[in-house]
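Order-wise, the sequence lines are chains A and B. Its first residue numbered 1, the first sequence is counted upward by one per residue in our numbering. Its first residue numbered 1001, the second sequence is counted upward by one per residue in our numbering.
Derived by calculation from the structure, the hints in this document are not laboratory data. You may find that some hints are simply not true.
No farther apart than 25 Å at their CA atoms in a straight line, the calculated lysine-lysine pairs in the BS3-like style are these [claimed, not checked]:
hint : chain 1 : residue 1 : chain 2 : residue 2
1    : B       : 1252      : A       : 180
2    : A       : 180       : A       : 246
3    : B       : 1180      : B       : 1246
4    : A       : 246       : B       : 1246
5    : B       : 1027      : B       : 1017
6    : A       : 252       : B       : 1252
There are 2 protein chains.
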Amino acid sequence: MQKPLILITNDDGYEAKGLRCLVEVAKEFGEVVVVAPDGPRSATAHAITMSVPLRLRPYHTDDDGTRYFRTNGTPCDCVKLGMKVVLKNRPVDLVLSGINHGSNSSISVMYSGTMGAAMEASVENVRAIGFSLLDYDPDADFSTAMVYVRRVVAQVLAHGLPPYAALNVNVPNVPLPQIKGIRITRQALGYWHEELEERTDPYGGTYYWLTGWLVNNDLGEDTCEWALAHNYVSIQPVQHDLTAHKLIPLLKFLEE
Amino acid sequence: MQKPLILITNDDGYEAKGLRCLVEVAKEFGEVVVVAPDGPRSATAHAITMSVPLRLRPYHTDDDGTRYFRTNGTPCDCVKLGMKVVLKNRPVDLVLSGINHGSNSSISVMYSGTMGAAMEASVENVRAIGFSLLDYDPDADFSTAMVYVRRVVAQVLAHGLPPYAALNVNVPNVPLPQIKGIRITRQALGYWHEELEERTDPYGGTYYWLTGWLVNNDLGEDTCEWALAHNYVSIQPVQHDLTAHKLIPLLKFLEE
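Just chain A, with the same shape it has in the complex (with noise of 0.2 Å):
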């Protein structure tokens, strides 16, 4: 039986602990090639690249064969020249993204680079999982995401996923033997409040960093934020249709 194809991407960029982890787990199941960032590329969502030429350069090749290439586009890019240049539309049994040095709950999967990887594949009904540990220290203990990584590609490549979904999936920053298990969740309904730092570059200019925290006011206990501060590994379904289905009949009243 021919070993399942395993294509991986990130968003912090090809040189993250995250993206070695993923792939040192990968290995254990399939063929792996990697195509990541040139660079961190958080927070650029569904982002695709149409106002520059897209570079695509090989960079390593490890013992095992396994392939890594680098390029300047976003994480949705990756997903494409990964499939549709170097792997010249071969079948891929799985895409995976991450691991990702921080969270990825609530609002933050709409924003991240990492879940939109995931989803672009979704797109194209390609099984997909985006990781994230909570912790955005560039060395991070990858340790009990691996097991996570380790358990959830397992069974997704035995009993498959519903189609067109792809997996959220968020790791306490915990010692293994602290969590507690794993729930199937959905996002807490939070955003995230922000403030614009202001400061003054050398010349007078000014110039602004955003920063803040999220708010979740979602207090229920289905939800990635209640599983993720109780120590469980929480797995949320997502989706690319993004219509507000309920929302149709209420809205009849602006048709004409």
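Chain A is already provided as a structure; the job is to place chain B on it using the hints.
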């Protein structure tokens, strides 16, 4: 009674004709402030800027006092900068985005910077509408679209919107008499069939341009694609909860 406060942005940049047309109509309804990207930002989705400082510069004031700002950020950044820096957290009654040069139907809503901006406002529970005309021409004729901008804005200001909703309004590129009316629609479940066109630069390097076309296999008569193909204006309510709620019970096997 105080006039409504309307914040306007787009993803085609501050010089786009569609932006000028949107401002012209919005001024009939209230106080308008414009914060637009300093160049094209098509397909930037919900991307926000974290790797470079954000700049914000006034570039014009109309005789009636309407202020215009441009930024190096994304459409999402424009909404944040507009609400927090320019308007200093004054309550905004309506965020308008567009009028986009080109369709944002079907899966395009996921990649769209126009809709990224509208959804950003909806996260903060500010009423928001993205408008798009099915014509990519920089000098497109927005006269039909402007009639429907006027109609939809009037209705939304009069009747409000359900909490956390944003509207994705697409207008067929036909003369006004050919428009058959408005349909409240769901997102047609299509995808972009893409190719990465390979080229060689003058120095021998390879680069790629993303090209493609929308493939729609969703023949439902309640979809945006059906409405637009039959000369209806399509209004799709969108939400920022990306959870695939129907899949939650199907994935319980992943819990432990």
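Next item on the list: Could you work out which earlier hints the structure fails to respect and list their numbers in ascending sequence?
Entry: 2, 3 and 6
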